[in-house]
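Student: This is what each chain is made of:
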Amino acid sequence: TQLLEQSPQFLSIQEGENLTVYCNSSSVFSSLQWYRQEPGEGPVLLVTVVTGGEVKKLKRLTFQFGDARKDSSLHITAAQPGDTGLYLCAGHGSSNTGKLIFGQGTTLQVKP
Amino acid sequence: DAGVIQSPRHEVTEMGQEVTLRCKPISGHDYLFWYRQTMMRGLELLIYFNNNVPIDDSGMPEDRFSAKMPNASFSTLKIQPSEPRDSAVYFCASSPSNYEQYFGPGTRLTVT
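These protein sequence lines map, in sequence, to chains A and B.
So the first sequence is numbered by our numbering: it starts at 1 and just counts up by one.
So the second sequence is numbered by our numbering: it starts at 113 and just counts up by one.
Bear in mind the hints are in silico, worked out from the structure with no lab data behind them.
Yeah, the Cβ is synthetic: ideal placement off N, Cα and C, and Gly gets one too.
One or more hints might be untrue.
Here are the computed lysine to any residue pairs in the SDA-like style, where the Cα-Cα straight-line distance is at most 25 Å [claimed, not checked]:
1. 180(B) <-> 70(A)
2. 99(A) <-> 127(B)
3. 99(A) <-> 169(B)
4. 70(A) <-> 211(B)
5. 57(A) <-> 5(A)
6. 99(A) <-> 126(B)
7. 99(A) <-> 134(B)
8. 99(A) <-> 224(B)
9. 70(A) <-> 168(B)
10. 136(B) <-> 120(B)
11. 180(B) <-> 111(A)
12. 99(A) <-> 128(B)
13. 70(A) <-> 163(B)
14. 180(B) <-> 197(B)
15. 190(B) <-> 101(A)
16. 59(A) <-> 98(A)
17. 59(A) <-> 150(B)
18. 99(A) <-> 124(B)
19. 57(A) <-> 212(B)
20. 136(B) <-> 59(A)
21. 99(A) <-> 125(B)
22. 136(B) <-> 57(A)
23. 99(A) <-> 223(B)
24. 59(A) <-> 119(B)
25. 70(A) <-> 136(B)
26. 180(B) <-> 101(A)
27. 99(A) <-> 129(B)
28. 56(A) <-> 208(B)
29. 136(B) <-> 171(B)
30. 111(A) <-> 212(B)
Each pair of labels, with its calculated beta carbon distance range [claimed, not checked]:
31. 12(A) <-> 183(B): 24 to 34 Å
32. 224(B) <-> 44(A): 38 to 48 Å
33. 44(A) <-> 183(B): 39 to 49 Å
34. 3(A) <-> 132(B): 43 to 53 Å
35. 20(A) <-> 114(B): 12 to 22 Å
36. 114(B) <-> 50(A): 25 to 35 Å
37. 40(A) <-> 190(B): 44 to 54 Å
38. 53(A) <-> 128(B): 23 to 33 Å
39. 50(A) <-> 119(B): 16 to 26 Å
40. 28(A) <-> 180(B): 15 to 25 Å
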C-alpha cells in the first residue's frame, strides 16, 4: 500500500515568516499534486509535478518533486493570513490509475 | 462552468435512516470520485468511476454504502442504514483525465 506522510501536521506562524511543508513516501509516484483546502470548502488544486527534480513556482509558493519521485516539498515565502488553510499532497501511484493517494494534511495558521 | 455541485450541503439524520448524497460533475469530465473526510482519518477515497463505470470500490467501508452513476452528469452515494460513525464530510470530485481533480463543496453529514 502506497502512503504519503506529511509533516508537520500543524504549523502556526506569524505573518512574514517562511515555512516548508514536507510530503514523504517510500514508494515512487508517477506524479504528485498539492491542494489547499479552506474551512467549509473542498480542496483546490495548486500544482501538479511530474518529473523528478521538478520545481514549480506559484507566486510566493515553491513546489519541488524529489529526484526519485518519492517526496515533495512546499515552501511559502513571507506567509500571509490568506495562506491559512489545510495543505494536502496527493500522488498517483506508479500504476497510473485515476486513483489519488492523499497525505493526512498540514494545517497552517498565519497570524497577522 | 458551475463546478462540481453537491447536495445537500448539510444533512442531519437519525441512526438507522437512509441517506442519499448527490453529485453533478463538471460537464465533459470522465472521472468521478467520492471521498470521505474526518479529522481522525483525513481524506479517504471511497469509490471512483470512469465513464460511468465503477473502477475501484475498495474504499467503501461496508455493504451499507453504495454508489451509482446512472449517467455522465449524475452520481449518488447512499448509506443504508446510517450510523453515528458515518458522520463526516463527503466530497465528490471530477476529473477530465487521471490527473487533476476538481472537488465539490462537500456534504456535511451528521448522524445522531
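Student: Against the structure, test the hints numbered earlier, and report the numbers of the ones violated in rising order.
Tutor: 1, 2, 6, 8, 11, 12, 13, 16, 17, 18, 20, 21, 22, 23, 24, 25, 27, 30, 31, 32, 33, 34, 35, 37, 38, 39, 40
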